[in-house]
Each structure stands twice: as C-alpha cells, then as structure tokens.
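Participant: Construct the complete structure from the given sequences, taking the supplied hints into account.
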Amino acid sequence: MSDMDDMDEGSGIVKKFMFLNRKAPHGTVYALEGLEVVLITAAFDQDVSMVFTDDGVYQLLKGIDTKGIEVKDFSKTYRALDGYDIEKLYVDQASMDARGLTEDDLIVDVTTLSVAEMANLMAEQDVVISF
Amino acid sequence: MQFGILVNEGPYSHQASDSAYLFARTAIEKGHKVPRVFFYHDGVYNSSRLATPPQDDRNVAARWSKLAADHGVDLVVCVAAAQRRGITDGVLGDNFRISGLGQLVEMGIQYDRLVTFGD
Amino acid sequence: MLHIVNKSATDRGSLESCLRMATKGSAVLLIEDAVYAVTNGSAAAAKIQAAAADLKIYALGPDLAARGMAGRVLDGVNVVDYGGFVDLVAEHNSCQSWL
Chain A
1 MSDMDDMDEG SGIVKKFMFL NRKAPHGTVY ALEGLEVVLI TAAFDQDVSM VFTDDGVYQL
61 LKGIDTKGIE VKDFSKTYRA LDGYDIEKLY VDQASMDARG LTEDDLIVDV TTLSVAEMAN
121 LMAEQDVVIS F
Chain B
132 MQFGILVNEG PYSHQASDSA YLFARTAIEK GHKVPRVFFY HDGVYNSSRL ATPPQDDRNV
192 AARWSKLAAD HGVDLVVCVA AAQRRGITDG VLGDNFRISG LGQLVEMGIQ YDRLVTFGD
Chain C
251 MLHIVNKSAT DRGSLESCLR MATKGSAVLL IEDAVYAVTN GSAAAAKIQA AAADLKIYAL
311 GPDLAARGMA GRVLDGVNVV DYGGFVDLVA EHNSCQSWL
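The listed protein sequences derive, respectively, from chains A, B and C. So for the first sequence, my numbering puts the first residue at 1; every next one is plus one. So for the second sequence, my numbering puts the first residue at 132; every next one is plus one. So for the third sequence, my numbering puts the first residue at 251; every next one is plus one.
No lab work stands behind these hints: they were computed from the structure. Incorrect hints may have been included.
SDA-like mimics (lysine to any residue), calculated; alpha carbons at most 25 Å apart, straight line [stated by the list, open to error]:
1) B:Lys164 <-> B:Gly217
2) C:Lys297 <-> A:Glu117
3) A:Lys16 <-> C:Asp337
4) A:Lys67 <-> A:Leu81
5) B:Lys164 <-> C:Pro312
6) A:Lys16 <-> B:Asn226
7) A:Lys72 <-> A:Glu117
Because the structure is a prediction, the values reported are computed rather than measured.
Facilitator: Next up, the structure:
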C-alpha cells in the first residue's frame, strides 16, 4: 500500500486513538475512507478503539450485498481487523436499540456499551477522530 | 502548543475549509504552532491551483498556500483520496504536497491536539 | 473534553448525539450551522438550557453574526471569537468534532 511508504515508525509514543463511526456506509464515503485511516493507525502500533454509534452501527450489518450499486463491499474488512491487532470494537446500545438491531445482526464480535460507558471511554482518549 | 488540523471537505460547498483556515491562522497569531494541515476525503480539492473564484470572493486554495508560505505550515493532501478524485502533483497549488495517511496519524501521535473540520 | 458541533440541530442529530455523550463538566462549542440551536425560540433551546446545568456551552460569535443571530443568543451560552475557539481547544485535553 502506498500509504505505508512514508511511515515513520519507532517514535515509541503510544496514544489512545478512538475512531468514532457515526455514518451509514455507501451513502457517503466516510465509512470506507475512515476504515483506511484506522488500518494505518494500527500499523503505527497505536492503541486503537473503533466505536460505532448512531447510523454507524449500520456499517457492521450482516448480509450486505453491494453488487447492485456497483461499489466495493468493504464490510469484509471489519472481519479482518483482528489481523491488524484491532480488537477493541464497541457499539452503542442505545443506537442499536433505536434501529431494532442486536449483536446477532453484526458481522463481527463487538462489545456493547451503555451511553455512560461510551462517554467515559471517549473521555479517556488522547485523540478522537470522527467519520 | 502544537495543533494538527484535519480538513475533510472541499472548498465552497462546505464551510469546513474556511473554519479550519480561520482556526489555523488565529492559533498562529496567538503564538501556537500549526506544523501541518491534512486534507482528506473531498478535502483534497482544497489543493487545486486551477480554481479561479470570482475576484470578490476568497480564494480558498491560495489562502492556504499563503499561510503555508508565511508560517511554514506543511499542507499534506492524502494520496489515496487524491488519486480517487483526480488530484495529482500537476494541479497542486504552492506549498501543497501529496503524501500518505501516515502523515495524519503522525499528527495525532506527535502534536498536542488534533482538530477536525468536516461536514 | 471539548465537543465541537457544526450542524443545525433541526437538520442533523449530531447535537443530540453530542449532548448524550458529553460528560459532566465538559465543554460544547457550536460552530457553523450549529449556532442556530443556541438562539431564542429555536427547537433546541430547551435542550441547550437543560444541558447548560452540567456542561459549558459555547457558540462561535462570527458564525452567529454571519447568520443574523448575534442578538438572539440564549442566556447561559458563552459567545467566543476564533481566539476563544483556539483557547478552548488548548484548555481541554482532547476534542471531538461531531461531524
């Protein structure tokens, strides 16, 4: 990947990065291009958390089929995240409830958090990037 | 203090680039440092020197170029996002450069704050 | 922590999402179209005033003025200029833009 060429690894600093995904896939590019940032951040050996709230929970749905809209199905990438040592995946319970979803509807194992737990997790981050 | 700035939308359609510019300029005026601004998603369009807005409007790309020239701000356009959108070295305004997403991650690691402007 | 919201509360859910997750004592800065929320008579006014009990609410003055709303700001909302925006980012350990 060309993005790897200019990486300056070995600074030794490890920060807590949270990627907050609040948007549905496909209608806009943010979910796809956001995922690219997450993968690069993990390659820098940072402490990465991915959080899915609001319409962002739709990114993780099983059964996504993009053939008819002729765009790339990047949802498979979520299943490959543990290969990048990205294991902290969180979903917001209230956002799931508001959309009639349960963890069984999702393609990856996630940790479901209450609003208070999510708020505390966010507050302890060094860097929060929202897509 | 060192501020990194992430711009996620193109010029004119959204206020994001204007807000980011005013934030960056003010931070520098107040004695802070803005070592780098990273342009992602449609934000890569902010880098085009081909833009020719009317005389009575601001020139978003030229304004970023001047801020970089005056204060040494590194204006980095994401290569992957740029390639998708047809932004190449040939259209870049002064002081913009194309590089990888690693440059964005570095801002998060090395600087005191990362501020995002988008839609 | 500083939360930054930039969209109108009558168009998007980002203000509501932000207020849901902002912990007590944190700051919320409204910029761009989000500033309409902190004006008298807005649909979000009651929500803003309730939130102001636990959160510090700020709005960007130049964005209020650009929208003809400089004279209609709710009591309890702090209006800042870009210098104040920079100060808020500097004063808080991290910031999150609710895009």
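Participant: None of the hints should be skipped; say for each whether it holds.
Facilitator: Right, here's what the structure says about each hint:
As the CA atoms of Lys164 (chain B) and Gly217 (chain B) are separated by approximately 31 Å, the hinted pair breaks the 25 Å bound. For a cut-off of 25 Å, the pair hint linking Lys297 (chain C) to Glu117 (chain A) stands: about 22 Å separates their Cα positions. A distance of roughly 23 Å separates the Cα atoms of Lys16 (chain A) and Asp337 (chain C); the hinted pair therefore holds under the 25 Å criterion. For the proposed pair Lys67 (chain A) and Leu81 (chain A), the alpha carbon gap of about 23 Å is at most 25 Å, so the pair holds.
At most 25 Å may separate the alpha-carbon atoms for a hinted pair to count; Lys164 (chain B) and Pro312 (chain C) meet this at roughly 23 Å. Restraint check for Lys16 (chain A) and Asn226 (chain B): the C-alpha separation of about 31 Å exceeds 25 Å, so the hint is violated. Restraint check for Lys72 (chain A) and Glu117 (chain A): the C-alpha separation of about 33 Å exceeds 25 Å, so the hint is violated.
The structure does not agree with the numbered hints 1, 6 and 7 stated previously, though it agrees with the rest.
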